[in-house]
Amino acid sequence: GAVVSQHPSRVICKSGTSVKIECRSLDFQATTMFWYRQFPKKSLMLMATSNEGSKATYEQGVEKDKFLINHASLTLSTLTVTSAHPEDSSFYICSARDQSTSSEKTQYFGPGTRLLVL
Amino acid sequence: GNSVTQMEGPVTLSEEAFLTINCTYTATGYPSLFWYVQYPGEGLQLLLKATKADDKGSNKGFEATYRKETTSFHLEKGSVQVSDSAVYFCAFSSGNTPLVFGKGTRLSVIA
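First to last, the sequence lines map onto chains A and B.
For the first sequence, our numbering assigns the number 1 to the initial residue and increments by one for each residue that follows.
For the second sequence, our numbering assigns the number 1 to the initial residue and increments by one for each residue that follows.
Keep in mind the hints are simulated off the structure, nothing from the lab.
Positions of the beta carbon are idealized from the N, C-alpha and C atoms, including for glycine.
One should not assume that every hint holds.
[Stated by the list, open to error] Below are the DSSO-like pairs computed for lysine-lysine, each with C-alpha atoms no more than 30 Å apart in a straight line:
no.: 1; chain 1: A; residue 1: K20; chain 2: B; residue 2: K60
no.: 2; chain 1: A; residue 1: K41; chain 2: B; residue 2: K60
no.: 3; chain 1: B; residue 1: K103; chain 2: A; residue 2: K66
no.: 4; chain 1: B; residue 1: K103; chain 2: A; residue 2: K64
no.: 5; chain 1: A; residue 1: K55; chain 2: A; residue 2: K20
no.: 6; chain 1: B; residue 1: K77; chain 2: A; residue 2: K41
no.: 7; chain 1: A; residue 1: K55; chain 2: A; residue 2: K14
no.: 8; chain 1: B; residue 1: K103; chain 2: B; residue 2: K56
no.: 9; chain 1: A; residue 1: K66; chain 2: A; residue 2: K42
no.: 10; chain 1: A; residue 1: K42; chain 2: B; residue 2: K68
no.: 11; chain 1: A; residue 1: K55; chain 2: B; residue 2: K103
no.: 12; chain 1: A; residue 1: K14; chain 2: B; residue 2: K68
no.: 13; chain 1: A; residue 1: K14; chain 2: B; residue 2: K56
no.: 14; chain 1: A; residue 1: K14; chain 2: B; residue 2: K52
no.: 15; chain 1: B; residue 1: K68; chain 2: B; residue 2: K52
no.: 16; chain 1: B; residue 1: K103; chain 2: B; residue 2: K52
no.: 17; chain 1: B; residue 1: K52; chain 2: A; residue 2: K42
no.: 18; chain 1: A; residue 1: K14; chain 2: A; residue 2: K64
no.: 19; chain 1: B; residue 1: K103; chain 2: A; residue 2: K42
no.: 20; chain 1: B; residue 1: K56; chain 2: A; residue 2: K42
no.: 21; chain 1: B; residue 1: K68; chain 2: B; residue 2: K56
no.: 22; chain 1: B; residue 1: K103; chain 2: B; residue 2: K77
no.: 23; chain 1: A; residue 1: K41; chain 2: A; residue 2: K14
no.: 24; chain 1: B; residue 1: K52; chain 2: B; residue 2: K77
no.: 25; chain 1: B; residue 1: K56; chain 2: B; residue 2: K77
no.: 26; chain 1: A; residue 1: K14; chain 2: A; residue 2: K42
no.: 27; chain 1: A; residue 1: K42; chain 2: A; residue 2: K55
no.: 28; chain 1: A; residue 1: K42; chain 2: B; residue 2: K60
no.: 29; chain 1: B; residue 1: K60; chain 2: B; residue 2: K103
[As the list claims (entries may be wrong)] Which residues of chain B face chain A? A partial, calculated answer using Cβ under 8 Å:
no.: 30; residue: M7
no.: 31; residue: Y39
no.: 32; residue: A86
no.: 33; residue: F89
no.: 34; residue: P98
no.: 35; residue: G104
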């Protein structure tokens, strides 16, 4: 149980285009999803927290107009990198929290999406 | 503020050696503690967790005990294998806050 999928796993795009990454919780409902960015050989940087049906909360320094997050259902959140530039190239990882138990705090992670902007 | 400090790597061990990766945390309240593992090119997988003091999390031969008095959650394994080579992240969560991660420790196990 507690499987999180991401699609696509890898994407290459031209500078100036937009890229959408999907994150799905496959066997549980996730009221809250998180989006992280990971630079090579570095830890994960939290970009934003997404709650189903409401606006995402972005961390300081993350441009909300650049990284659009939508959490339209309890099993799906999307991250759209708008007008991508080479410096947006990174490994993006989503995470979902199983809210079925009030005491459950575990976050489950997707396999990540590697974005390369040319 | 909230933070996690874990030993810096890389850690290189021979197969069947004993592994310890230290982790201490600074948090308010009573956080839940986690170890995640990231294999090359993949996302994070939950390795083990502990939700209250003195709990021991264990999985795949790895263990960690929630030590409230020392605010620690050190990861141990008695005999590592080449397949354990990965990056290990210590993390905690308090209430409904997102996970706070350590910087990760890269482990390389050589045959």
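Going through the hints against the structure:
Straight-line distance between C-alpha atoms of K20 (chain A) and K60 (chain B) comes to about 35 Å, which puts the hinted pair past the 30 Å bound. Note on K41 (chain A) and K60 (chain B): the hinted pairing holds, with a Cα-Cα distance of about 24 Å set against a maximum of 30 Å. With a C-alpha separation of about 26 Å, the suggested pairing of K103 (chain B) with K66 (chain A) holds against the 30 Å cut-off. With a CA separation close to 25 Å, the supplied pair K103 (chain B) and K64 (chain A) stays within the 30 Å bound.
For the proposed pair K55 (chain A) and K20 (chain A), the alpha carbon gap of about 17 Å is at most 30 Å, so the pair holds. For the hint pairing K77 (chain B) with K41 (chain A), the CA-to-CA distance comes to about 23 Å; that is within 30 Å, so the pair holds. With a C-alpha separation of about 28 Å, the suggested pair K55 (chain A) and K14 (chain A) falls inside the 30 Å cut-off, and the hint holds. Between the alpha carbons of K103 (chain B) and K56 (chain B) the distance comes to roughly 22 Å, so the proposed pair stays at or under 30 Å and holds.
Among the hinted pairs, K66 (chain A) with K42 (chain A) is consistent with the structure: their alpha-carbon atoms are about 22 Å apart, no more than 30 Å. With a CA separation close to 28 Å, the supplied pair K42 (chain A) and K68 (chain B) stays within the 30 Å bound. Of the supplied pair hints, the one linking K55 (chain A) and K103 (chain B) holds, its CA atoms being roughly 29 Å apart against a limit of 30 Å. In summary, the hint linking K14 (chain A) to K68 (chain B) is not supported, as the alpha carbons are separated by about 50 Å, beyond the 30 Å threshold.
Distance restraint check for K14 (chain A) and K56 (chain B): the Cα-Cα separation of roughly 48 Å exceeds the 30 Å cut-off, and the hinted pair is therefore not satisfied. In summary, the hint linking K14 (chain A) to K52 (chain B) is not supported, as the alpha carbons are separated by about 48 Å, beyond the 30 Å threshold. Simply put, K68 (chain B) and K52 (chain B) have alpha-carbon atoms about 8 Å apart, close enough for the 30 Å limit, and the pair holds. A C-alpha spacing of about 23 Å is found between K103 (chain B) and K52 (chain B), which places the hinted pair at or below 30 Å, so the restraint holds.
For the suggested pair K52 (chain B) and K42 (chain A), the alpha carbons sit about 29 Å apart, so the restraint of at most 30 Å is met. Restraint check for K14 (chain A) and K64 (chain A): satisfied, since their Cα atoms lie roughly 21 Å apart, inside the 30 Å limit. Simply put, K103 (chain B) and K42 (chain A) have alpha-carbon atoms about 7 Å apart, close enough for the 30 Å limit, and the pair holds. Note on K56 (chain B) and K42 (chain A): the hinted pairing holds, with a Cα-Cα distance of about 28 Å set against a maximum of 30 Å.
Distance restraint check for K68 (chain B) and K56 (chain B): the Cα-Cα separation of roughly 12 Å lies within the 30 Å cut-off, and the hinted pair is therefore satisfied. With a CA separation close to 20 Å, the supplied pair K103 (chain B) and K77 (chain B) stays within the 30 Å bound. For the suggested pair K41 (chain A) and K14 (chain A), the alpha carbons sit about 25 Å apart, so the restraint of at most 30 Å is met. Taking the CA atoms of K52 (chain B) and K77 (chain B), the gap is about 21 Å. The hint holds against a cut of 30 Å.
Between the alpha carbons of K56 (chain B) and K77 (chain B) the distance comes to roughly 13 Å, so the proposed pair stays at or under 30 Å and holds. At roughly 25 Å between alpha-carbon atoms, K14 (chain A) and K42 (chain A) fall within 30 Å of each other, so this suggested pair holds. Note on K42 (chain A) and K55 (chain A): the hinted pairing holds, with a Cα-Cα distance of about 28 Å set against a maximum of 30 Å. For the given pair, K42 (chain A) sits about 25 Å from K60 (chain B) by alpha-carbon distance, which is consistent with the 30 Å threshold.
Note on K60 (chain B) and K103 (chain B): the hinted pairing holds, with a Cα-Cα distance of about 22 Å set against a maximum of 30 Å. Hint status for M7 (chain B) relative to chain A: violated, with the closest Cβ pair at about 14 Å, above 8 Å. A distance limit of 8 Å between C-beta atoms decides the matter here; for Y39 (chain B) the minimum to chain A is near 10 Å, and the interface restraint is violated. Of the supplied interface hints, the one on A86 (chain B) is violated, with its beta-carbon coming no nearer than about 13 Å to a beta-carbon of chain A, more than 8 Å.
Interface hint at F89 (chain B): satisfied, since its Cβ lies 7 Å from the closest Cβ of chain A, which is below the 8 Å cut-off. Contact between P98 (chain B) and chain A, as hinted, is supported at the beta carbon level, the nearest pair being about 5 Å apart and thus within 8 Å. Residue-level restraint check for G104 (chain B) holds (minimum Cβ-Cβ distance to chain A is 5 Å; threshold 8 Å).
Going down the numbered hints, you'll see the structure goes against 1, 12, 13, 14, 30, 31 and 32, while the others check out.
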